[in-house]
Amino acid sequence: MANQIDGLKDALVGLDMYKVLDKVKAGLDAGVAPMDMVKDLQAGMVEIGDRFARGEYFLSELIMSGEIMKKAMALLEPKLAGVDQEYKGNIVIGTVQGDIHDLGKNIVAMLLKGAGYNVIDLGVDVPAEKFIDAVKENQAPLLAMSVLLTGCQDPMRDIIKAVRDAGLDVKVLIGGNYVDEKVKEYCGADYFGTTADDGVKVAKQVFGA
Amino acid sequence: MSDKKILYQERLNRFITAMDVGKPDRVPIRLTLSEFLAKYAGYTLQEIYYQMDKNIECSNKFIQDFDVDTVPGPPSLWMGGIHDATGAKYLKFAGRELEKDKQFQFLESDYMKAEDYDDFIANPTKWILTTLLPRIHTEFKDPYRAHLSLIKGAAGMVMNQGMLAEAGKRWAEEYGIFPPFSGMSKAPFDTLGDVLRGLHGIMMDMHLCPDKLLAALDVLVDHNIYYGMATAAGDTTLPLFMPLHRGSYPFLNPEQWDKFYWPTLKKVIEGLWKHGKRTLFYAEGDWTPYLEKIAELPDKSIVFHVDMTDMKKAKEILGGRFCLSGNVPNTLLTYGTPEEVSDYCKKLIDEVACDGGFIMDAGGVVQWDAKVENVRAMIETTLEYGVY
Amino acid sequence: MATEDSKRIPPGVCLPWEEKVKDIGEIRGDEDIIKSEWEKLEAFAYVYIWWWVQR
Ligand code: B12
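Protein chains in written order, with my numbering: chain U, 134 to 342; chain C, -9 to 378; chain W, 63 to 117.
FYI, nobody ran anything at the bench for these hints, they're computed from the structure.
Hints may be right or wrong, so weigh each one.
Claimed, not checked - Covered stretches of chain C, as calculated for chain W (at least 3 residues, CB under 8 Å):
{"id": "1", "region": "104 to 118"}
{"id": "2", "region": "142 to 149"}
{"id": "3", "region": "168 to 177"}
{"id": "4", "region": "213 to 220"}
All values derive from a computational prediction rather than experimental measurement.
Yeah, the Cβ is synthetic: ideal placement off N, Cα and C, and Gly gets one too.
The shape of chain U in the complex, shown without the other chains (with noise of 0.2 Å):
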C-alpha cells in the first residue's frame, strides 16, 4: 500500500504541486494512513530546509513549498481528526508589537513545523500579554519573535522584560534583518537568529530533539 505514497516527499522538495496532490488523494482513496502521508510532507520541508541553509534554495522555493504543504494539509486534516499528533514541543512564534513585517516569521514558522514542532503563531502586531498568554496556555518551552523594523526593536525590550517579570521558564529567541548580538543583549534574548533555519538549529537544541 505505502506505494502509493512512493515519492510523496521528492515531489514536495521538486516542488511539483499537482504530483503531490495527486498523491495525496491517491493515497488516502487506497487507505493510506493520513499521518504516514504527513511524516512523509514532514521530511519533504526538512529537506527544503537544508536546501535553503545550503543556498540552494531561495524564498520563492520556500514560499511555493508552504502554499503546496497548506493545500496538501486542507486535503489530509479532515482525516487526522482523532489521531494524536506527536510532537518534539511547543513554540510560540510571533511579530512584534507594532511591526507588521510578516514574511521571513511564517517561514520560520513554516519550517519549525516541518521539523516535527508544534507552533502557535499569533501573528503579526503582537503585544506583550498576548505572548505571555500563549507561553502559559501551552507550557512553551521556546518563545521566537521576529522583528524588523529597527523602531520595533525596543518595545520587543519591554516585551522579553514583560515575560521575564511574568516569571515564566521559556528561552527566547528572536529574529530579522537588523538582528544581530549587540540587539540580542540590548533586548534581553537568549539566542538571535538571522536566516530561516537558524530557528530549526535554536529548537534543535532548546528541546533536544
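Please arrange chains C and W with the ligand on chain U, whose structure you already have, making use of the hints.
Coordinates of chains C and W with the ligand only, in the frame set by chain U:
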C-alpha cells in the same frame, strides 16, 4: 547672487558631481529619514501621516538645525485623509485604529487575483480603476459615495502636491537646499509583487502561470517609465527614487531573477536614462549576488544604494562607473555610540569615497529609534573628514 | 499578439482622444487646442489612478 542661491548651487554641484562619479569638494550627505523626523520635530505620527503642513515642518526643523546637502523627508508619504476619503482597507493609521504614535500598518494580500491577469494585461489603467480600487476601498459601495471618493481623493492629491511644491520653493529660497530625488517608480516585478499580487501570489505565479506573469511585466515597462517621468514633472537634474523590494537576496533563485526580475527592471532604468533621467537604485536588503548583472547598466545611469549589500564588492564591481551611497548600519545609529558611528563613516570615506562617486547615507530608512547624537556624528564626521 | 499590442492604450492615456473626438463630432475651431487640454487632464487622471499601485 544671494547667499542661499550660492549655497544651493554649491550643494547641487557637489551632489551632481558625486552622481557623475566625480570628486566634489567633499562627500555629499543625503539622509533618508522617516519617522525619525517626527520624533525630532516633536510631532506625533498621527500628525505627520495626516497633516501635510506638519509633515513638511519636520523637514524644515531638521534643515534649520543640521548642515546636510539634500532635504531629508518629509517623513510621511501617506496622506491619511486620502485613504479615509476612499476607505482604504489595507492600511491602518496612527490615531485611527492605532495609538497616535504608532507606525502605520499595511496589510499585504493578493488584492489582484491570478484570474485578473488577462484584464490587467489588456488594459491595466482601466482594470485598476474599475476593478482594483472598488475592491480594496470601502467607499465604492454605492455610486454616490464612489464618485465622492474619487473627487476627494484626486483633490486631496492635488492639494498635498501643491503644498510640497510650495515647500520645495521655500527649501530652495530660504535654506538653499533641494530634495534628494524627483519622481518615483518601481521595478515591474515590484509593482506586481508589492501591492497587487503580494509576495505569495507572485511566487506562485512564477511556478503556475509564468507566461501571464511575463506578459504583465512586459506591459508594465512603458507604464513605469512614463510614471517616473510624470511624477518627476520632467525634471532630469535629480535622480528618480526607486525602492527595490523583491529582487534582494534570497527572494528569488538566480534563474528566476534573470527571467522575471531583471529584464524588465533593466528596461525601465534604460528607458528613463534615454530621457536623461538617472535612477536612485534604492537596493533594500542584500543585492551582492546580482552586482555583476547590475553592472550591465549604462555608466552613471544609477546611484546604487547599499543597505545590506557587501560594500566592498559593490565598490569593486560598480565603483568608477556608478555612484554608490549608504551603508551606515541602522542598528549602529540606534545602539552605537557617536564615536562608533564616526569611525564607521571614516572607514566609508577612506575605503569607498576615496575616489569620489559616493554619497553618505544610512543603509535603510531611519526610524524613530536612531539616536540624535548618532545622526549628528554622521553629519559632522562627513563635514570634517569627508573633505577631498 | 502584435495586433493586440498595437491596440494597447499608451501610458498617460485613460480614454484616448481618438475615441473622444468621435463623441464630439464636428469641431468648428482649432482641434489642437481642445485636444491638448483633453490630454493634460488625461495625464493627470492617469497618474492619479496609477499612484494607488506604484508604492
Ligand atoms: C517586504 C517589505 C515590506 C512589506 C511587508 C509585507 C509583509 N507582509 O511582511 C510592506 C510593504 C508592507 C512593508 C512595510 C513597511 N516597511 Co518594509 N520592507 C520590506 C522588505 C523589502 C523585505 C522584508 C521581507 O519580507 N524580507 C523577506 C523575508 C523572508 O526576510 P526577513 O523578514 O528578513 O526574514 C528572514 C530573516 O530575517 C529571518 N527571520 C525573520 N524573522 C525571524 C524570526 C526568528 C525567530 C528567526 C530565527 C529568524 C527570523 O528569517 C527569515 C527568512 O530567512 C524590507 C527590506 C529588506 N530587503 O529586508 C523592508 C524594510 C524591513 N521595511 C522598512 C520600512 C521602513 C517599512 C515601512 C515603515 C514603510 C516605509 N517607510 O518604507 C513599513 C512598516 C509597516 C509596519 N508597521 O511594519 C525598512 C526598515 C528600516 C528600519 N530602520 O528598520 C526596511 C529594512 C527597508 C529599508 N531598507 O529601509 N515592508
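request  = Report the numbers of all earlier hints that the structure fails to satisfy, in ascending order.
outcome  = Of the numbered hints, all hold.
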